[in-house]
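**Q** So the chains spell out like this:
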Amino acid sequence: MSLKPNAKAVLEVKDLKTYFKTDDGIVKAVDGVSFTVHEGETLGIVGESGSGKSVTNLSIMRLIPSPPGKIVGGEVLFEGEDILKVSESEMRDIRGDKISMIFQDPMTSLNPFLKISTQMIETIRLHNPQTDKKEALARSIEMLKLVGIPSPEKRIYSYPHQFSGGMRQRVMIAQALSCNAQVLLADEPTTALDVTIQAQILELISEINNKMGTAVILVTHDLGVVAGMCDKVCVMYAGRIVETALTDDLYAKPAHPYTEGLIKSVPRMDTANKDKRLFSIEGQPPNVIDLPPCCPFHPRCHKAMEVCKHAYPPEKDLGNQHEVACWLYIDEETKKQALQDATQQEKA
Amino acid sequence: MATTSTKKPLLEVRDLKQHFPIKTGNLFNRKVGAIRAVDGISFDVYPGETLGIVGESGCGKSTTVRSIAQLHKPTSGSVIFNGIDMVKADTRTMLKARQDMQLIFQDPYASLDPRMTVRSIIAEPMVIYNNRKLLPESMTSHEMEVRVEDLMERVGLNKAFKNRYPHEFSGGQRQRIGIARALALNPKIILADEPVSALDVSIQAQILNLLTDLQKEFGLTYLFIAHDLAVIQHISTRIAVMYLGKIVEVSDSAQLYDSPKHPYTVALLSAAPIPDPKVERERKRIILTGDVPSPDKERDGCYFYDRCPKRMPWCSCHIPPMFDITDKHEVACWLYSKEDVSKISMEDAQADAAKIKAEAINKQ
Numbered sequence: 001m002s003l004k005p006n007a008k009a010v011l012e013v014k015d016l017k018t019y020f021k022t023d024d025g026i027v028k029a030v031d032g033v034s035f036t037v038h039e040g041e042t043l044g045i046v047g048e049s050g051s052g053k054s055v056t057n058l059s060i061m062r063l064i065p066s067p068p069g070k071i072v073g074g075e076v077l078f079e080g081e082d083i084l085k086v087s088e089s090e091m092r093d094i095r096g097d098k099i100s101m102i103f104q105d106p107m108t109s110l111n112p113f114l115k116i117s118t119q120m121i122e123t124i125r126l127h128n129p130q131t132d133k134k135e136a137l138a139r140s141i142e143m144l145k146l147v148g149i150p151s152p153e154k155r156i157y158s159y160p161h162q163f164s165g166g167m168r169q170r171v172m173i174a175q176a177l178s179c180n181a182q183v184l185l186a187d188e189p190t191t192a193l194d195v196t197i198q199a200q201i202l203e204l205i206s207e208i209n210n211k212m213g214t215a216v217i218l219v220t221h222d223l224g225v226v227a228g229m230c231d232k233v234c235v236m237y238a239g240r241i242v243e244t245a246l247t248d249d250l251y252a253k254p255a256h257p258y259t260e261g262l263i264k265s266v267p268r269m270d271t272a273n274k275d276k277r278l279f280s281i282e283g284q285p286p287n288v289i290d291l292p293p294c295c296p297f298h299p300r301c302h303k304a305m306e307v308c309k310h311a312y313p314p315e316k317d318l319g320n321q322h323e324v325a326c327w328l329y330i331d332e333e334t335k336k337q338a339l340q341d342a343t344q345q346e347k348a
Numbered sequence: 349m350a351t352t353s354t355k356k357p358l359l360e361v362r363d364l365k366q367h368f369p370i371k372t373g374n375l376f377n378r379k380v381g382a383i384r385a386v387d388g389i390s391f392d393v394y395p396g397e398t399l400g401i402v403g404e405s406g407c408g409k410s411t412t413v414r415s416i417a418q419l420h421k422p423t424s425g426s427v428i429f430n431g432i433d434m435v436k437a438d439t440r441t442m443l444k445a446r447q448d449m450q451l452i453f454q455d456p457y458a459s460l461d462p463r464m465t466v467r468s469i470i471a472e473p474m475v476i477y478n479n480r481k482l483l484p485e486s487m488t489s490h491e492m493e494v495r496v497e498d499l500m501e502r503v504g505l506n507k508a509f510k511n512r513y514p515h516e517f518s519g520g521q522r523q524r525i526g527i528a529r530a531l532a533l534n535p536k537i538i539l540a541d542e543p544v545s546a547l548d549v550s551i552q553a554q555i556l557n558l559l560t561d562l563q564k565e566f567g568l569t570y571l572f573i574a575h576d577l578a579v580i581q582h583i584s585t586r587i588a589v590m591y592l593g594k595i596v597e598v599s600d601s602a603q604l605y606d607s608p609k610h611p612y613t614v615a616l617l618s619a620a621p622i623p624d625p626k627v628e629r630e631r632k633r634i635i636l637t638g639d640v641p642s643p644d645k646e647r648d649g650c651y652f653y654d655r656c657p658k659r660m661p662w663c664s665c666h667i668p669p670m671f672d673i674t675d676k677h678e679v680a681c682w683l684y685s686k687e688d689v690s691k692i693s694m695e696d697a698q699a700d701a702a703k704i705k706a707e708a709i710n711k712q
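Those protein sequences? They're chains A and B, same order as listed.
Residue numbers in the first sequence follow the working numbering, run continuously in steps of one, and reach 348 at the last position.
Residue numbers in the second sequence follow the working numbering, run continuously in steps of one, and reach 712 at the last position.
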């Protein structure tokens, strides 16, 4: 939580589109996502499984396996430069050095055959070839100390399996930060961890965010984690951002029916609502293969209108950085027009 | 759903222990130790209530459920269900009793046989019990068919899908299949082992509502396991908190959140995020240091000693019994002992522990 008024934008994602070709058709995993992250800001991306949150992150890092995946459109501006257009070798310099990533599962993202020391020194020396091994080792130990690993001088010579899940995630974070990255992409960093360990890791991430001014993109499905960590939140559904708002606004007055449903359907510990049923969003998330041009949420929406079934809603600015893509906030004229256009197109 | 102490418990668990041997793995395969997954727990479950068990991974929640259902033979202790001691009973009596005790599993992808149709999955408990002639009245295949359709409709599945295979369903729907299967034999108690933790938030709410409805309709009793405190608090009437194979606190669910007593419960509750930025910012978090220790050795003192922010010398060598706070709230922590043990020095505490040990040996 360290939003400065005139912070510089470090990462701008504009109309990003990532499609996957499958036998059944084209999966539009990410379909026109835009957001901006400023220096020292923590941006949350929430959504259910399959909503495209992880693919968004992987697309920013250009780690989409191709084929079948492909980034088909959009721009990712890092310090004003479109990193989707730079060469693979230039990208390698950015990856891990300027933009770093923490993955969900700390066991599968560390190499089990190599000592932590080898893995950390490799990262540092790859991006700063002039540092010798001794310096890199010293820096690695310093990073491990920063993330709170006890007696790092000894533990650095351990293998990943000798660490517990929470400790492994700390090693991952230490490694991700060892090159002073400006942007940290955290893809469900605490999902595989227990609550008490989760609290430790989240504390650590926000501390790093405050101390080093690193911008953080936190991808998660847990609305509680977002509430405590993020300055701004994007809610994703079926490959698109349906709502963006400052965290306080989003929880106080969610505009999109999906966001509203999502917030209401989580049981809360502090407010006892015994014997009351949970609000639940009926139905299942849509299949994103060959999605028709409609609001993907309309079959589950309790406020759905005729126009929702025929056209995707345009984005509407509600003020104070609150943007929502829902027909509820669009004036009647535009709705009528969109409905007419859509029916004409369908006939044709 | 309130429980009264005059009621007879449906399920009584007494000093249940489940140890898994660690073997050398060589020619002689000697036993060199044991993982004490569940290390002496006792609790009662009353008819119509929901007892929630919460704890971190590795604390023995799932093992508890499996030991109760006799999927593992418990090392010691007793499980008295409906008046029958499941541990000592012969197989046939145990099987007959287990008809009233059904399980819902965590992973809806792994708990359904991919090569069976939904109909055969839901009918399987009936077929098995029918073949073994353990049902009160034997069922014809037509009766089973009707029952399967009823169950599918009851849990919110279209009965036209009964010939489909599990892979054709989404996670939430599969969990509904699992619930229908658990209901097939009209059980009295359902042991639910993290039934919603693999599901998305919106689907999780659907399943929790369904479980609440079913409880009201059929008068079911639940033993509900989860690691998510908010879920446990929402569904349970009483909550037991487990740590390292021991129950550290049992309480009414409302009381537990308002006044947690055990330092571990306090930390656990404070660590769980609340989906409200205003509340979240003002809360004080107690960050526990370290990880859960391995449950492979016998302990002399409190199991939480290594990580406890309020530990005293006394705790290092005395295992706390359950102390009553109120008639519905018990906690295993020396802080709530009637005698004040906080002033006792390490030397005195250890001397006392040694004395107790010596007495125990003498008695033997």
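Honestly, the hints are just simulated from the structure, not real lab data.
Backbone N, C-alpha and C define an ideal beta-carbon position, used for all residues, glycine too.
One thing to keep in mind: the hints can contain errors.
[Said to hold, decoys possible] Here are the simulated lysine-lysine pairs, DSS-like style, with alpha carbons at most 30 Å apart:
id: 1; chain 1: B; residue 1: K536; chain 2: A; residue 2: K145
id: 2; chain 1: A; residue 1: K303; chain 2: B; residue 2: K507
id: 3; chain 1: B; residue 1: K356; chain 2: A; residue 2: K145
id: 4; chain 1: B; residue 1: K632; chain 2: A; residue 2: K211
id: 5; chain 1: A; residue 1: K335; chain 2: B; residue 2: K626
id: 6; chain 1: A; residue 1: K115; chain 2: B; residue 2: K691
id: 7; chain 1: A; residue 1: K276; chain 2: B; residue 2: K645
id: 8; chain 1: B; residue 1: K658; chain 2: A; residue 2: K276
id: 9; chain 1: A; residue 1: K303; chain 2: B; residue 2: K355
id: 10; chain 1: B; residue 1: K632; chain 2: A; residue 2: K115
id: 11; chain 1: A; residue 1: K276; chain 2: B; residue 2: K507
id: 12; chain 1: B; residue 1: K356; chain 2: A; residue 2: K154
id: 13; chain 1: B; residue 1: K626; chain 2: A; residue 2: K211
id: 14; chain 1: B; residue 1: K371; chain 2: A; residue 2: K276
id: 15; chain 1: B; residue 1: K626; chain 2: A; residue 2: K276
id: 16; chain 1: B; residue 1: K356; chain 2: A; residue 2: K8
[Claimed, not checked] Some chain A residues flagged as far from chain B (calculated, every beta-carbon gap over 10 Å):
id: 17; residue: D97
id: 18; residue: D248
id: 19; residue: R277
**Q** Does each hint hold? Answer for all of them.
**A** Okay, the hints, checked on the actual structure:
no. : hint              : in the structure
1   : B:K536 <-> A:K145 : violated, 53 Å
2   : A:K303 <-> B:K507 : holds, 28 Å
3   : B:K356 <-> A:K145 : violated, 55 Å
4   : B:K632 <-> A:K211 : holds, 20 Å
5   : A:K335 <-> B:K626 : violated, 36 Å
6   : A:K115 <-> B:K691 : violated, 46 Å
7   : A:K276 <-> B:K645 : violated, 44 Å
8   : B:K658 <-> A:K276 : violated, 37 Å
9   : A:K303 <-> B:K355 : violated, 47 Å
10  : B:K632 <-> A:K115 : violated, 37 Å
11  : A:K276 <-> B:K507 : holds, 29 Å
12  : B:K356 <-> A:K154 : violated, 56 Å
13  : B:K626 <-> A:K211 : holds, 23 Å
14  : B:K371 <-> A:K276 : violated, 50 Å
15  : B:K626 <-> A:K276 : holds, 23 Å
16  : B:K356 <-> A:K8   : violated, 67 Å
17  : D97               : holds, 31 Å
18  : D248              : violated, 5 Å
19  : R277              : violated, 5 Å
Hint check: violations occur at hints 1, 3, 5, 6, 7, 8, 9, 10, 12, 14, 16, 18, 19; the rest are consistent with the structure.
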